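Engineer: In case you want the letters, here they are:
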Amino acid sequence: MKNIIFIFKSAIDDFSRNKLRTFLTSLGILIGVFAVVVLIAMGLGLKKYISDQFESMGKNTLFLVPGRVLSGGGFSGSVSAITGRFDNRDLETLKKIDNVKSVGPLTLKSTKIKGLLKEDFADILFSSEVLADVMGFEVENGRFFDKSDVTKRAKVIVIGSKIATDYYGSAEEAIGKKITIDDVKFTIIGVTKSKGGGGMGGFDYDNYLYGPYTTGYIFNPDKKFFRLVVKTENESYVSQVREDIKKEFLKRYKDEEFSVVEPTELLSAITSIFSVLNLILVAIAAISLVVGGIGIMNIMYVTVSDRIREIGIRRAIGARRSDVLYQFLAEAVLLSSIGGALGLGLAYLAVFLVQNLFPAYIDLTSVLLALGISSAIGITFGVFPARKAANLEPVEAIRYE
Amino acid sequence: MIKLSDVSKVYVIDGEYTFYALKKVSLSIKEKEFISIMGPSGSGKSTLMHIVGLLDKPTSGKVYVGDREISKISDDQLSRLRNEFVGFVFQQFNLINKLTVLENIMLPAIYARRQLLFDPRERALSILQDFGLEEKRNSYPNKLSGGQQQRVAIARALMMKPKLILADEPTGNLDSKTGHDIMMLLEKLNKEEKITVVLVTHESDIAAFAKRIIKIRDGEIV
Chain D
944 MKNIIFIFKS AIDDFSRNKL RTFLTSLGIL IGVFAVVVLI AMGLGLKKYI
994 SDQFESMGKN TLFLVPGRVL SGGGFSGSVS AITGRFDNRD LETLKKIDNV
1044 KSVGPLTLKS TKIKGLLKED FADILFSSEV LADVMGFEVE NGRFFDKSDV
1094 TKRAKVIVIG SKIATDYYGS AEEAIGKKIT IDDVKFTIIG VTKSKGGGGM
1144 GGFDYDNYLY GPYTTGYIFN PDKKFFRLVV KTENESYVSQ VREDIKKEFL
1194 KRYKDEEFSV VEPTELLSAI TSIFSVLNLI LVAIAAISLV VGGIGIMNIM
1244 YVTVSDRIRE IGIRRAIGAR RSDVLYQFLA EAVLLSSIGG ALGLGLAYLA
1294 VFLVQNLFPA YIDLTSVLLA LGISSAIGIT FGVFPARKAA NLEPVEAIRY
1344 E
Chain B
1220 MIKLSDVSKV YVIDGEYTFY ALKKVSLSIK EKEFISIMGP SGSGKSTLMH
1270 IVGLLDKPTS GKVYVGDREI SKISDDQLSR LRNEFVGFVF QQFNLINKLT
1320 VLENIMLPAI YARRQLLFDP RERALSILQD FGLEEKRNSY PNKLSGGQQQ
1370 RVAIARALMM KPKLILADEP TGNLDSKTGH DIMMLLEKLN KEEKITVVLV
1420 THESDIAAFA KRIIKIRDGE IV
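In order, the protein sequence lines correspond to chains D and B. Going from the first sequence to this note's numbering is simple: count from 1 and add 943. Going from the second sequence to this note's numbering is simple: count from 1 and add 1219.
This is chain B alone, in the form it adopts within the complex (with noise of 0.2 Å):
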């Protein structure tokens, strides 16, 4: 489904110093897979990540999302992919503050490109009362513990129906047993719903919730 071959992150400080965040790595992720990116931090795993997102573009080598090379295709494409394919959860949550729950779940499906074939706001209700959240449809995401604040994130993740989740450390900002109920549902979705979850963690209990486990060490893959 995606695909990353050689492909290398460069940052170049000040001109001169060049820091390498990424070191030719390839990676195949196939559909329907559960994996976890493990390394401590500083490792290249969050890079990896937005990279194989196509939040971030590689210095070097490819990437295919499918048989498309994404260094050919367009930045609105990009934009689009992104909204349809890849459902993003951040350890950060990235909620908009000022928009409600339901507008915060209901917010990709703004920016489709093609006519959708469900009601957002009839979808967005299902998965709110599927995740237990459908009273908090009104509150704003400040308001709420962050476990409910995950659970939103995942919500929007899934509105637009993804192939691929890509969850950046989705438990760092909770306590274990959230943390735990966060990776049990992501672990229900990969299982129920088919979706591919690409999990990024530094935690080797919430890694071992994957099928395949990939180190992360110093930008390359031990």
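Chain D with its partners taken away, still in its complex shape (with noise of 0.2 Å):
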């Protein structure tokens, strides 16, 4: 115990006598550390990301898009992602399904909005009060809009909560107050809370606006929908009502012509997509490790060639072979411990500093991950190095001038 001790005590002594080769040897493993570890990082913080904007909408939600998505596991053919294609022949369809909860359309419409303070380009979501539920909006202040509203094509509308800070200065100031869509005036009755997010192509719900769909016909004369939500009565019945359904539309369309989607399931394709390029990235990532390994192989031998004499010394004096092995594989070990550890630092400084804008997060996992990989390198790269410096003759050694 003593000896082991003794033996990582000296080899870092050694280092801090040479503090800038210690530095020099381990910035491979630095370097390999912090690229394996932030990638990590980013592909975990993608995943949850993604699983999260899932999660909100429940497990009970079905989506009717039209034309052909995910076939074989993967995103395929040709998605028409804005151009409508349901109309209410459809809403009316899905509504005689047995155990559907409520069923909600979906329009967009990209156009100029005036507010108090502003006046810009904004995205504005048309759907039925089956919204607030599929997306897991929490009205803060006011309400959403309810059944009634849609009945009576009521000009009102839910704002996100960026759009009441940016157009009218707080959530507070625009309840009740008009707002100029497509010059339509519309009332603000509420304010969603904040659901963070946005960026990266990922949806940003505060930046959104939110109407009842049949107010929007106004700008969408041909009352046609780009996509058409199921809540079904719970999560049970979902795949059956997902057959249903798809009996039911092919009377009317051809089977490429729409898919019905569990949110689930275009997570699973997403993420599967993710996970597949992150692993391409790690790996790249990890060859950077090996090349670190081969540079501590290259000083350690360097290392092993300058101090023959001490070690010839050592062996007169009594060390063992397995000794002198010991004392430069810990030397090996602890200069790529090194560079484990401060690309970990590295890392999560890193991680810490793209936070805001990409959500990327460091797991146990990776830590330990980082940490075993980096003394296995050590040992991996160290033991031949090692194993020469064991070997050598003490009688030679001693003499080695």
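Source of the hints: derived by calculation from the structure; they are not laboratory data. There may be inaccurate statements among the hints.
Below, computed lysine-lysine pairings styled on BS3-like, alpha-carbon distance capped at 30 Å [claimed, not checked]:
no. : chain 1 : residue 1 : chain 2 : residue 2
1   : B       : K1317     : D       : K952
2   : D       : K1128     : D       : K1052
3   : D       : K952      : B       : K1434
Chain D regions said to be covered by chain B (calculated; three or more residues, Cβ under 8 Å) [said to hold, decoys possible]:
no. : region
4   : 955-967
5   : 1260-1268
None of the values given here were measured: they were computed from a predicted structure. C-beta atoms are modelled at their ideal positions from N, C-alpha and C, and glycine is treated no differently.
With the hints as a guide, bring the two chains together.
Structural biologist: Below is the structure:
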């Protein structure tokens, strides 16, 4: 035990005498660990971000989408995202299916809106009162539009929290005010609670406006919807309802003209794509770990050559081959662990700095992985130089000039 | 204590030319002896000392430590004998320059394979005190004079209470006054501590400290 402490102490003493060399040697491992940990953190963050987005929709939700989505586990074919296809007849068909709790159509309008403080382009999502439930919106101020607003084609609107601050200064200020959408005046009846997110092509729900789809006909004279949302009575009916919807819709549409999508299905498709991409990136980053390991091996060979005499002295006063082996192995492991720890620290810093732009996070597994891999590299690449040191003949080593 | 019988050491150079460093040397070293091995350079006296000190193995012949024949014991056991049984003193001192004086002296204790009956630090300090080097304990060897370094090397050799001290030209790098002091110290260790001393030298006045002088020339005892 005291031997191990002594070995590590003398290795640390050695490093502190050669700070620059120690740092340069562990730089390879530092960069490798940094790259691997940051990439894993980004992959994890992205996965979590996406699943959070879907989580809020609830598990008893189905979407009807025009065209073909998700065949064979991934995206394929053309997805006409904005072009409306479904109409009121489809909505009525859905309502008649057993165990369907509620349905909601979706249309999207991008146009100029004018508030108290600002005038700019924004996106308005027109739907039924189901929307709040489907998207998991909470209304912080005022209320969400209800069934009667839909029936009455009321010119009411619910706005995202960012829209409220940008156009009116605050949520409280916005309530009850008028907002002009494409020359039509709407009354703001509610502001949604911030959901965060956005960026990276994800939806920023705080930057949307939400209105009744019937009122939305003003901008949508064809009365066509680009999505239909279905809520089933509960989770267990989802697959049965899905089959029923397919059956009913096949009476009107061809198989390739529509898709019934479960958000969880979409989620697993998206995450599987990201996981593969992330794995490739991590694998590329891991190459630098190997390069770093070779750097350590190289410097350890130099160290052994530099210290042949010292090895001879140690052998003469009673060190076994194994004592010498462990001494140099410990130095190699320590070198790579220093690199690993610094790389990990830097990765933490990087993740902290990009926190607001990118949802990256470091979990315990990546910490253990980083430290485990860096010590494993130290052992793997340190064992050859250490064996060279241990196998020196004492008498030759001590006479070495 | 140590017995060599018909020990030869042969070096084969470039695969064809063979060089006999030792030719069938037989030698017996008894406990508490003070022996000088004398000979000109290249006579094989250092090779002989390395074999006696278990740093090197003979090409042929047998070496006995007590009644154990060393070709029959493992490398780890040889290391242990070097650690506990023998203490080395070299011409070039062979201290580790990045360790302090105290750490150098304590180094053999790090490699001890058994529970020590003494505290290594206390023992090292008491030897340093005996040698008048106490205030140098935290200095590094390259800051010391040659005589001081050699005394530190002797202190290291004494650390594990060896039965045998092997000194290879211990005065070779020292002026004659300092060299004489070192020899007095070795003589004292032999007389008072009853440690067997084997000295290798080419100087006859240094060899004269010993009670028995073995002369060696061209790998043979003469």
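Engineer: It remains to establish, for every hint, whether it holds in the given structure.
Structural biologist: Hint by hint, here is what the structure shows:
no., hint, verdict
1, B:K1317 - D:K952, "holds, 13 Å"
2, D:K1128 - D:K1052, "holds, 15 Å"
3, D:K952 - B:K1434, "violated, 45 Å"
4, 955-967, "holds (count 3)"
5, 1260-1268, "holds (count 7)"
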